[in-house]
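Novice: Protein chains in written order, with the numbering used here: chain D, 459 to 574; chain C, 7 to 118.
One should not assume that every hint holds.
[As the list claims (entries may be wrong)] So the derived list for chain C, only partly shown, Cβ under 7 Å to chain D, looks like this:
| id | residue |
| --- | --- |
| 1 | P23 |
| 2 | P46 |
| 3 | Y52 |
| 4 | G56 |
| 5 | N60 |
| 6 | R104 |
| 7 | Q105 |
| 8 | F108 |
None of these hints come from the bench; they were simulated from the model. Yeah, the Cβ is synthetic: ideal placement off N, Cα and C, and Gly gets one too.
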Amino acid sequence: NAGVMQNPRHLVRRRGQEARLRCSPMKGHSHVYWYRQLPEEGLKFMVYLQKENIIDESGMPKERFSAEFPKEGPSILRIQQVVRGDSAAYFCASSQGVPSSYNEQFFGPGTRLTVL
Amino acid sequence: DAKTTQPNSMESNEEEPVHLPCNHSTISGTDYIHWYRQLPSQGPEYVIHGLTSNVNNRMASLAIAEDRKSSTLILHRATLRDAAVYYCILRDIQGSARQLTFGSGTQLTVLP
Chain D
459 NAGVMQNPRH LVRRRGQEAR LRCSPMKGHS HVYWYRQLPE EGLKFMVYLQ
509 KENIIDESGM PKERFSAEFP KEGPSILRIQ QVVRGDSAAY FCASSQGVPS
559 SYNEQFFGPG TRLTVL
Chain C
7 DAKTTQPNSM ESNEEEPVHL PCNHSTISGT DYIHWYRQLP SQGPEYVIHG
57 LTSNVNNRMA SLAIAEDRKS STLILHRATL RDAAVYYCIL RDIQGSARQL
107 TFGSGTQLTV LP
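All chains should be built: construct the whole structure from the sequences, respecting the hints.
Specialist: See the structure below:
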């Protein structure tokens, strides 16, 4: 009964490189959320996806960031041409069924991105 | 979602009860009160949620004021493993937003 899995746990990139963060939701969950936590701050919502669809990307920066959740395989958060300000912990969460106020979200351990 | 206000930090002694307050004076009738916590270097985890009545589960209890403008998360016997940031979050059951809106939370320190 594995929980939400994220990899890699730690990722180091140089400025200008691409970062790919992966998230495998809990078994039976078809809804995925990505959050970003900057140092010493709370989590901020980025994007909400269902299989093959982006439902809400209102928290996603307009440039360089993209997300997908294909029919098969994990959800991917992609950051192109990373800058130092992208250094943060990126958390993925999943939930089952139709999200509502009483469906809890299960979080993964996060990917800590460091941009040199 | 309506805004919540929590103290920045609290301390507790091990094996004593802890009462973590949350003010949400602009709560609407369809807002659920959720609590999540984030242990050091981990992702958040669900603790408890409620609407109007007090709630108990294996982790904690949630006491909701009669006017619903405030609530208190109760850890009955704090352990060192309970040291974490605790987030009080409102979610509108009728709202279109699906995500959780995290504030700054309360950093709980448990003293041995």
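Novice: Would the hint on F108 (chain C) be counted as holding, given a Cβ-Cβ threshold of 7 Å to chain D?
Specialist: holds, 4 Å
Novice: With 7 Å as the cut and Cβ atoms as the points, is Y52 (chain C) at the interface with chain D?
Specialist: Status holds, d = 4 Å.
Novice: Close enough to count: is the Cβ of N60 (chain C) nearer than 7 Å to one in chain D?
Specialist: violated, 16 Å
Novice: Under 7 Å, Cβ to Cβ, is where R104 (chain C) needs to be relative to chain D, so tell me if that hint holds or is violated.
Specialist: holds, 4 Å
Novice: Taking 7 Å as the limit, does the beta-carbon of P23 (chain C) come near enough to a beta-carbon in chain D?
Specialist: Since chain D brings no Cβ nearer than about 24 Å to P23 (chain C), farther than 7 Å, the hint is violated.
Novice: Holds or violated: is the Cβ of G56 (chain C) closer than 7 Å to a Cβ in chain D?
Specialist: violated, 10 Å
Novice: Quick check on Q105 (chain C) please, does its C-beta sit within 7 Å of some C-beta on chain D?
Specialist: It holds, given that the least Cβ distance between Q105 (chain C) and chain D is near 4 Å, below 7 Å.
Novice: Does P46 (chain C) hold up as a contact with chain D if the rule is Cβ-Cβ below 7 Å?
Specialist: violated, 12 Å
Checked against the numbered hints above, the structure violates hints 1, 2, 4 and 5; every other hint is satisfied.
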